[in-house]
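Asker: Sequence:
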Amino acid sequence: MAKEYKLTLERLKELQDELTYLKTVREKEVAELIKEARSFGDLSENSEYDEAKTEQGKLYSRIAEVEEILGNCVVIEDSDDGGEYVRIGSTVTVLDKEFDETEVYKIVGSQEADPMNGVISEDSPFGKALLGKNAGDEVTVDAPAGPVEYKILKVER
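For the sequence shown, my numbering begins at 4 and goes up steadily by one.
The reader is advised that the hints may include incorrect statements.
[Said to hold, decoys possible] Think about it this way: if two alpha-carbon atoms lie no more than 25 Å apart in a straight line, the pair counts; the simulated DMTMM-like pairs of lysine to aspartate or glutamate are:
{"no.": "1", "residue 1": "136", "residue 2": "159"}
{"no.": "2", "residue 1": "9", "residue 2": "20"}
{"no.": "3", "residue 1": "109", "residue 2": "53"}
{"no.": "4", "residue 1": "26", "residue 2": "48"}
{"no.": "5", "residue 1": "16", "residue 2": "126"}
{"no.": "6", "residue 1": "100", "residue 2": "87"}
{"no.": "7", "residue 1": "38", "residue 2": "53"}
{"no.": "8", "residue 1": "157", "residue 2": "80"}
{"no.": "9", "residue 1": "100", "residue 2": "141"}
[What the hints assert, rightly or not] The calculated label-pair distances, taken between Cβ atoms and stated as ranges, are:
{"no.": "10", "residue 1": "13", "residue 2": "138", "range": "20 to 30 Å"}
{"no.": "11", "residue 1": "147", "residue 2": "31", "range": "40 to 50 Å"}
{"no.": "12", "residue 1": "104", "residue 2": "78", "range": "50 to 60 Å"}
{"no.": "13", "residue 1": "87", "residue 2": "145", "range": "37 to 47 Å"}
Because the hints were derived from the structure by calculation, they are not lab data. Note that this is a predicted model, so its numbers are computed, not measured. Ideal Cβ placement from N, Cα and C applies to all residues, glycine included.
Take these sequences, add in the hints, and give me the full structure.
Answerer: If you want it as structure tokens, here you go:
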């Protein structure tokens, strides 16, 4: 069974736009690079040709990756069922109990994660620990350096 990718509507649109760009504009650019490199003569010692073919390989690899994601994605609807629990799309304010610091994270699908900017995947240990919890709940996250305790202060959609 293929992996299921959870995406927001915005991320779905971004990937569709990227795929269109890769298959139209970028593919023509790479084909032109290969054509130009071939005109330089002997392909066995032609570094421009090697680079262009490598670029073509990267391009086709990315096209396949995006097609795989789009073919197996589930769009996460931003439903308002009245519950204030943590789910994909939630913005969660937590208190790191060890350092007494407040941090804000957005919970997203794995394809949208950007931990350095506070955007956490629901597949990460931290994301898994938060899912389904409510404001006021305390969670323990198993980190490489040992368990870290957090208190959920606020959950927003």
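Asker: Could you see if the CB distance from residue 104 to residue 78 stays within 50 to 60 Å?
Answerer: violated, 34 Å
Asker: Hinted pair, alpha-carbon criterion (25 Å max): residue 157, residue 80. Please report holds or violated.
Answerer: holds, 21 Å
Asker: Okay, residue 87 versus residue 145 on CB: inside 37 to 47 Å?
Answerer: About 25 Å separates the Cβ atoms of residue 87 and residue 145, which means 37 to 47 Å is violated.
Asker: When you check the alpha-carbon spacing of residue 16 and residue 126, does it fall within 25 Å?
Answerer: holds, 22 Å
Asker: With the threshold set at 25 Å, check whether the alpha-carbon distance from residue 109 to residue 53 stays at or below it.
Answerer: violated, 42 Å
Asker: Is 40 to 50 Å right for how far apart the beta carbons of residue 147 and residue 31 are?
Answerer: holds, 45 Å
Asker: Holds or violated: are the alpha carbons of residue 9 and residue 20 at most 25 Å from each other?
Answerer: Between residue 9 and residue 20 the Cα gap is close to 17 Å, so the pair holds against 25 Å.
Asker: With the threshold set at 25 Å, check whether the alpha-carbon distance from residue 38 to residue 53 stays at or below it.
Answerer: Distance of about 12 Å is within 25 Å: holds.
Asker: Is the hinted pair residue 26 and residue 48 satisfied, with a Cα-Cα distance of at most 25 Å?
Answerer: violated, 29 Å
Asker: Could you grab the alpha-carbon distance between residue 136 and residue 159 and see if it respects the 25 Å cut-off?
Answerer: holds, 12 Å
Asker: Does the structure keep residue 100 and residue 87 at a Cα separation of 25 Å or less?
Answerer: holds, 22 Å
Asker: Taking only the CA atoms, is the gap from residue 100 to residue 141 under or equal to 25 Å?
Answerer: Holds - the C-alpha atoms of residue 141 and residue 100 are around 10 Å apart, at most 25 Å.
Hint compliance for this structure: hints 3, 4, 12 and 13 are not met, and every other hint is.
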